[in-house]
Amino acid sequence: MADERRSTARPRILVVQTAFLGDVVLATPLLKALRARFPEAFLAFMGTPAGTELVRGLSGVDEFMVYDKRGAERGMAGLRKKARELKAMNFEFAVSAHRSARTAALLYLAGIERRIGFATSAVPWLYHDRVPRHPRDHEVLRNLGLLGPLGGAPEGLDLALGLPRPAAAGPDLLGGNGARPRVGICPGSVWATKRWMAEGFARVADVLSDEAHAGIYLIGAAQDEEAARAVAGMARSRVHNMAGRTSLGQWLRLVAAMDLVITNDSSPTHIACALQVPVVTVFGPTATDQGFSPWGNSSRVVETAGLNCRPCGEHGARRCPEGHFKCMSMVRPDDVLAAARELLAEKK
Numbered sequence: 091m092a093d094e095r096r097s098t099a100r101p102r103i104l105v106v107q108t109a110f111l112g113d114v115v116l117a118t119p120l121l122k123a124l125r126a127r128f129p130e131a132f133l134a135f136m137g138t139p140a141g142t143e144l145v146r147g148l149s150g151v152d153e154f155m156v157y158d159k160r161g162a163e164r165g166m167a168g169l170r171k172k173a174r175e176l177k178a179m180n181f182e183f184a185v186s187a188h189r190s191a192r193t194a195a196l197l198y199l200a201g202i203e204r205r206i207g208f209a210t211s212a213v214p215w216l217y218h219d220r221v222p223r224h225p226r227d228h229e230v231l232r233n234l235g236l237l238g239p240l241g242g243a244p245e246g247l248d249l250a251l252g253l254p255r256p257a258a259a260g261p262d263l264l265g266g267n268g269a270r271p272r273v274g275i276c277p278g279s280v281w282a283t284k285r286w287m288a289e290g291f292a293r294v295a296d297v298l299s300d301e302a303h304a305g306i307y308l309i310g311a312a313q314d315e316e317a318a319r320a321v322a323g324m325a326r327s328r329v330h331n332m333a334g335r336t337s338l339g340q341w342l343r344l345v346a347a348m349d350l351v352i353t354n355d356s357s358p359t360h361i362a363c364a365l366q367v368p369v370v371t372v373f374g375p376t377a378t379d380q381g382f383s384p385w386g387n388s389s390r391v392v393e394t395a396g397l398n399c400r401p402c403g404e405h406g407a408r409r410c411p412e413g414h415f416k417c418m419s420m421v422r423p424d425d426v427l428a429a430a431r432e433l434l435a436e437k438k
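Under the numbering used here, the first residue of the sequence shown is numbered 91, with each subsequent residue one higher.
Think of the hints as simulated: they come from the structure by calculation, not from any bench. Each hint should be verified, as a subset may be incorrect.
[What the hints assert, rightly or not] Label pairs and their computed distance ranges (CB to CB):
| no. | residue 1 | residue 2 | range |
| --- | --- | --- | --- |
| 1 | G339 | A435 | 29 to 35 Å |
| 2 | T378 | E203 | 35 to 41 Å |
| 3 | R164 | D248 | 45 to 51 Å |
| 4 | G241 | R174 | 29 to 35 Å |
| 5 | E404 | G147 | 27 to 33 Å |
| 6 | A209 | P244 | 19 to 25 Å |
| 7 | P101 | G266 | 15 to 21 Å |
| 8 | L199 | L338 | 28 to 34 Å |
Virtual Cβ for every residue (Gly too), placed ideally from N, Cα, C.
Take these sequences, add in the hints, and give me the full structure.
Below you can see the structure in the form of structure tokens.
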């Protein structure tokens with residue numbers, strides 16, 4: 091039955107990215123390229139519950155699947171259950187943008203006929219095709235390299251990041267404040283050393299509130315509440331602290347309503363780019379040539395140059411390995427403000 095289905099049906103392709111939300115956004119050009127390369131294919135995406143919710147409804151994708159690897163499907167029992175589910179779906183190709191051993195094992199156990207992943211994956215031998223992952227290329231281009239064994243990305247493809255456009259934000263999120271421009275500040279990050287100083291964000295909020303009459307919104311998930319409270323406590327201007335008070339869908343609506351987002355090197359950078367919202371990103375322990383800089387024209391990066399200790403790792407660290415945290419403490423609010431002013435002027 092399965093062989094008959096494969097011979098008569100259109101090709102069935104699975105794309106997997108179960109990492110952070112920013113990584114999921116950076117995989118959207120890969121989905122676009124696969125759809126362009128195989129216009130008749132059945133194309134599915136699988137991510138974490140939040141990752142799948144983020145892209146659900148994206149044009150060109152036929153099915154959105156959830157792998158709850160840290161919840162109901164955690165551990166070996168969950169892995170084997172998900173593998174049986176995938177096997178029953180008769181995928182002919184699997185393209186993994188995630189480099190974890192768990193993802194490689196899942197696709198192997200699912201018996202997918204042709205598995206494509208990065209040569210730098212944790213267990214690359216579980217893939218049939220192992221694609222080089224060039225450390226200095228942007229992550230968008232590295233992901234597109236996964237199409238190499240399938241003929242490559244079509245020429246002339248629009249490589250912009252993409253997300254389904256969320257519904258317009260209303261007074262429930264904006265607080266009935268008509269102040270414009272709206273500036274979203276995202277002070278959190280999973281990695282402690284990626285968080286710029288709270289006093290820096292507070293200073294930027296105060297100046298933009300004073301000179302541009304901006305409405306200031308603190309945006310983040312539940313784990314960002316502490317960072318947001320610190321900024322709110324130091325700011326003398328009025329800020330709308332929405333961190334931890336929104337669902338993912340509301341969070342996206344709030345970001346989409348902003349005229350400018352100011353954030354650390356974290357997922358809001360890529361989400362803002364995908365929603366065509368100008369973004370200023372503060373880089374500290376990481377560097378732009380690691381492949382995760384903003385992917386879009388309306389963006390600026392602020393960082394401390396000339397530190398030999400940068401970058402100190404792929405993601406940063408829990409604490410500064412050198413003990414001085416200069417990569418963030420030396421970032422000047424005036425430099426962030428200069429970048430913000432440029433983008434706000436361009437938007438007028």
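Open item on the list: Against the range 27 to 33 Å, how does the distance between the Cβ atoms of E404 and G147 compare: consistent or not?
Closed with: holds, 31 Å
TODO: Starting from the hint 15 to 21 Å, judge whether the C-beta atoms of P101 and G266 obey it.
DONE: Check failed, 50 Å falls outside 15 to 21 Å.
Task: G339 versus A435 beta-carbon gap, inside 29 to 35 Å or not - done: Between G339 and A435, where Cβ atoms are some 31 Å apart, the hint holds.
- [ ] Please test the hint of 29 to 35 Å on the beta carbon pair from G241 and R174.
- [x] holds, 31 Å
Open item on the list: Range first: 19 to 25 Å. Now tell me if the beta carbons of A209 and P244 are that far apart.
Closed with: holds, 23 Å
Open item on the list: Does the beta carbon distance between T378 and E203 stay inside 35 to 41 Å, or does it fall outside?
Closed with: holds, 38 Å
Open item on the list: If I claimed the Cβ atoms of R164 and D248 lie 45 to 51 Å apart, would that claim hold in this structure?
Closed with: violated, 37 Å
TODO: Note whether the CB distance of L199 and L338 lies within 28 to 34 Å or breaks it.
DONE: holds, 29 Å
Checked against the numbered hints above, the structure violates hints 3, 7; every other hint is satisfied.
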